[in-house]
Amino acid sequence: MAEAREDVIRCEGIWKIFGDKSRQAMEAVRSQGLSKKDIREKFDCVVGVQNASFTVGRGEIFCIMGLSGSGKSTLIRHINRLIEPTSGAVYIEGQNVNAMNAEALRKLRAEKIGMVFQSMALMPHRTVRDNVAFSLEVRGKSEAERARVAARAIEMVDLTGWDAKYPDELSGGMQQRVGLARALAADPTILLMDEPFSALDPLIRRQLQGTFMELSAELHKTTVFITHDLDEAIRIGDRIAIMKDGVLVQIGTPEEIVTEPADDYVAEFVAGISKLDLVTAARIMQPFAAHVQAQGPQDTASWPVGRPEMNLNELVDLAVGTDHPILIASEGKPVGVVTKRALLRGIQGREEERAA
Amino acid sequence: MADKTFDWLNPFGSIDLGIANWADGIKQWAISNRDLIQPTKRFFETVITGIESALHSVPPLVMLAVLVLVAWQTAGRRTAILVGACLLILGILAPEAWGLAMTTLAIVIASVILCVLIGLPLGVLAGKSDRFEAFIRPILDTMQTIPAFVYLVPVVMMIGIGNVSGVIVTIIFALPPLVRLTSLGIRGVNPSVVEAARAFGASPGQILRKVELPLATPTILAGLNQTIMLSLSMVVIASMIAVKGLGNEVLRAMGRLDAGKAIVGGLGIVMLAIVLDRITQGLGRSGRDKGHRHWWQTGPVGLLTGLFAKRG
Numbered sequence: 008m009a010e011a012r013e014d015v016i017r018c019e020g021i022w023k024i025f026g027d028k029s030r031q032a033m034e035a036v037r038s039q040g041l042s043k044k045d046i047r048e049k050f051d052c053v054v055g056v057q058n059a060s061f062t063v064g065r066g067e068i069f070c071i072m073g074l075s076g077s078g079k080s081t082l083i084r085h086i087n088r089l090i091e092p093t094s095g096a097v098y099i100e101g102q103n104v105n106a107m108n109a110e111a112l113r114k115l116r117a118e119k120i121g122m123v124f125q126s127m128a129l130m131p132h133r134t135v136r137d138n139v140a141f142s143l144e145v146r147g148k149s150e151a152e153r154a155r156v157a158a159r160a161i162e163m164v165d166l167t168g169w170d171a172k173y174p175d176e177l178s179g180g181m182q183q184r185v186g187l188a189r190a191l192a193a194d195p196t197i198l199l200m201d202e203p204f205s206a207l208d209p210l211i212r213r214q215l216q217g218t219f220m221e222l223s224a225e226l227h228k229t230t231v232f233i234t235h236d237l238d239e240a241i242r243i244g245d246r247i248a249i250m251k252d253g254v255l256v257q258i259g260t261p262e263e264i265v266t267e268p269a270d271d272y273v274a275e276f277v278a279g280i281s282k283l284d285l286v287t288a289a290r291i292m293q294p295f296a297a298h299v300q301a302q303g304p305q306d307t308a309s310w311p312v313g314r315p316e317m318n319l320n321e322l323v324d325l326a327v328g329t330d331h332p333i334l335i336a337s338e339g340k341p342v343g344v345v346t347k348r349a350l351l352r353g354i355q356g357r358e359e360e361r362a363a
Numbered sequence: 355m356a357d358k359t360f361d362w363l364n365p366f367g368s369i370d371l372g373i374a375n376w377a378d379g380i381k382q383w384a385i386s387n388r389d390l391i392q393p394t395k396r397f398f399e400t401v402i403t404g405i406e407s408a409l410h411s412v413p414p415l416v417m418l419a420v421l422v423l424v425a426w427q428t429a430g431r432r433t434a435i436l437v438g439a440c441l442l443i444l445g446i447l448a449p450e451a452w453g454l455a456m457t458t459l460a461i462v463i464a465s466v467i468l469c470v471l472i473g474l475p476l477g478v479l480a481g482k483s484d485r486f487e488a489f490i491r492p493i494l495d496t497m498q499t500i501p502a503f504v505y506l507v508p509v510v511m512m513i514g515i516g517n518v519s520g521v522i523v524t525i526i527f528a529l530p531p532l533v534r535l536t537s538l539g540i541r542g543v544n545p546s547v548v549e550a551a552r553a554f555g556a557s558p559g560q561i562l563r564k565v566e567l568p569l570a571t572p573t574i575l576a577g578l579n580q581t582i583m584l585s586l587s588m589v590v591i592a593s594m595i596a597v598k599g600l601g602n603e604v605l606r607a608m609g610r611l612d613a614g615k616a617i618v619g620g621l622g623i624v625m626l627a628i629v630l631d632r633i634t635q636g637l638g639r640s641g642r643d644k645g646h647r648h649w650w651q652t653g654p655v656g657l658l659t660g661l662f663a664k665r666g
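So the protein lines, in turn, are chains C and A.
Here the first sequence is numbered in our numbering, starting from 8 and rising by one per residue.
Here the second sequence is numbered in our numbering, starting from 355 and rising by one per residue.
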């Protein structure tokens with residue numbers, strides 16, 4: 008996007024060390040730069056999150072991907088301060104969350120942040136409607152307003168007619184829809200999704216991902232989405248952060264993560280991911296000038312023409328009808344050439360052609 | 355005993371820390387400060403007599419019908435029949451049995467109300483704080499295991515014989531399960547639900563009222579049931595300090611070796627226990643077990659509201 012990016016969430020150097028002596032451990036990390044192992048041995052403390060910094064822009068979906076135990080659930084809980092950082096701070100729309108008093112924090116949680124949990128965490132003694140309206144109820148909103156808002160949120164997740172039921176009368180997928188409705192009810196700026204679809208079976212998961220993406224496209228909530236499933240992260244995320252052992256290893260767009268993994272760990276993760284929808288022509292093409300230099304001037308009139316932002320899938324569609332390479336043009340001017348060889352290597356995820 | 359030579363193999367025989375004297379000193383202090391205690395005592399005395407005379411003023415058959423309806427409401431039709439049968443047996447045991455049972459019931463009700471007022475906050479505190487739990491646990495153990503005769507005398511010295519002392523003695527014995535089970539219930543609430551409540555901006559008080567207490571209710575009511583049963587089991591001991599009622603019958607029968615009278619008193623206590631137990635157990639089953647029907651949709655009230663709804 009061309010317009011100036013506005014950061015809604017800004018995390019600065021967040022450390023979370025669990026244990027009785029976390030303060031001393033933090034001091035030691037600052038002064039001596041101890042490793043995780045040293046901290047465990049010397050202070051009997053566990054490092055949950057290690058120096059995590061990132062920003063999330065307005066309307067952006069930011070995925071944090073990591074295996075279980077990587078600290079991603081700990082990290083997301085810093086954003087609404089369910090967990091206090093040992094060091095570092097979180098800013099939401101420029102306000103320091105860690106400097107807020109209890110009342111301001113409660114107001115922020117109830118009005119600005121909606122959260123969805125892996126375990127659903129619905130209240131079993133409340134009806135769907137009362138679960139959804141919970142954040143309004145704690146703010147002391149009137150009965151009529153609660154009913155109106157809850158009805159709207161329940162409609163958004165296609166559960167109209169179920170509002171008088173109790174959570175245990177609903178299937179897992181429906182329960183998580185209630186969880187989503189509860190998070191959306193107060194019309195918050197920010198959505199925190201802590202592995203919301205992980206506990207569901209694959210079919211229902213896909214369905215709910217669909218629901219979520221539709222709602223997301225419509226509502227433009229700034230979202231932090233935790234998952235251990237890279238496919239899910241790529242499908243949903245505008246940007247992805249890969250987390251390992253409490254460290255954010257790499258932050259980038261899905262394409263960047265897949266094509267330029269920062270280290271072997273990330274590379275291993277993305278190895279099995281299909282590049283067809285992720286990699287664009289701009290990444291695999293040979294610049295037009297270089298092509299002309301290497302092959303001499305050619306008659307490109309009969310070549311198929313693509314655009315730089317086309318993905319491999321679309322390039323394959325262009326390539327199957329002809330023997331010629333594909334000409335990539337931007338605003339009517341040729342900017343690059345994608346040969347068959349480059350295309351095939353691109354699908355494989357290797358970029359031999361370009362390096363050569 | 356000070357002139358006795360110290361024996362290394364039996365050191366305990368020559369050590370006297372004077373705990374008995376020290377405890378006796380507290381008693382002496384209480385006796386000399388009776389004036390402080392008397393107004394409080396009079397207040398509780400009026401409350402207990404109030405409950406008692408209220409129970410006595412209801413004609414037995416009306417009371418029976420009310421209790422059967424309450425049982426039907428809280429625990430269902432089957433239990434209502436059982437409760438009715440128990441109350442009938444209680445009534446026909448002896449001509450005076452019903453009146454004695456109401457006197458006993460009054461003491462139990464007064465004790466249980468005070469137990470709830472004291473026990474519920476303590477239990478919530480113990481459920482929230484590990485430290486308080488660790489502090490109160492040995493006290494609760496002591497209250498439950500120390501023989502009642504030990505505190506019978508000091509309580510009588512301080513407050514005198516009668517209903518108020520009876521209630522105090524009963525509370526000491528019957529309070530612990532309510533505190534324990536309230537704490538257990540609060541601790542048993544799914545932490546992820548509490549976290550969700552926090553994430554949506556609930557204050558600690560709101561979490562307690564809207565999440566923790568409702569979810570802990572079945573466990574708390576199980577504790578209440580235990581408290582009621584224990585206070586009923588204290589009636590014989592309480593009768594030693596001039597508390598009237600069924601317990602007194604058993605005590606007097608013991609003194610006269612009158613087995614017949616003892617059985618009347620004893621059976622009366624058992625019948626009362628069954629009635630109270632079944633009614634409170636019915637309360638303890640949560641709405642979710644009953645298929646999410648509200649209390650006003652079931653039992654006799656449900657029947658009535660159903661009738662009105664049909665007409666409306």
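Check each hint, because a few of them may be wrong.
[To be verified] Per label pair, the in silico range of CB-to-CB distance:
no.	chain 1	residue 1	chain 2	residue 2	range
1	C	60	A	491	44 to 50 Å
2	C	323	A	545	48 to 54 Å
3	C	172	A	558	25 to 31 Å
4	A	472	C	111	34 to 40 Å
5	A	489	C	64	47 to 53 Å
6	C	75	A	491	46 to 52 Å
7	C	64	A	546	26 to 32 Å
8	A	489	C	155	45 to 51 Å
9	C	209	A	545	24 to 30 Å
10	C	111	A	542	29 to 35 Å
11	C	172	A	435	46 to 52 Å
It should be emphasised that the hints constitute simulated quantities derived from the structure, not laboratory data.
Glycine residues also receive a C-beta, built at the ideal position from the N, C-alpha and C atoms.
Results of checking the hints against the structure:
no.	hint	result
1	C:60 x A:491: 44 to 50 Å	holds, 46 Å
2	C:323 x A:545: 48 to 54 Å	holds, 50 Å
3	C:172 x A:558: 25 to 31 Å	holds, 29 Å
4	A:472 x C:111: 34 to 40 Å	holds, 36 Å
5	A:489 x C:64: 47 to 53 Å	holds, 51 Å
6	C:75 x A:491: 46 to 52 Å	violated, 36 Å
7	C:64 x A:546: 26 to 32 Å	holds, 30 Å
8	A:489 x C:155: 45 to 51 Å	holds, 48 Å
9	C:209 x A:545: 24 to 30 Å	holds, 28 Å
10	C:111 x A:542: 29 to 35 Å	holds, 32 Å
11	C:172 x A:435: 46 to 52 Å	violated, 33 Å
Against the hints set out earlier in the document, violations occur for numbers 6, 11.
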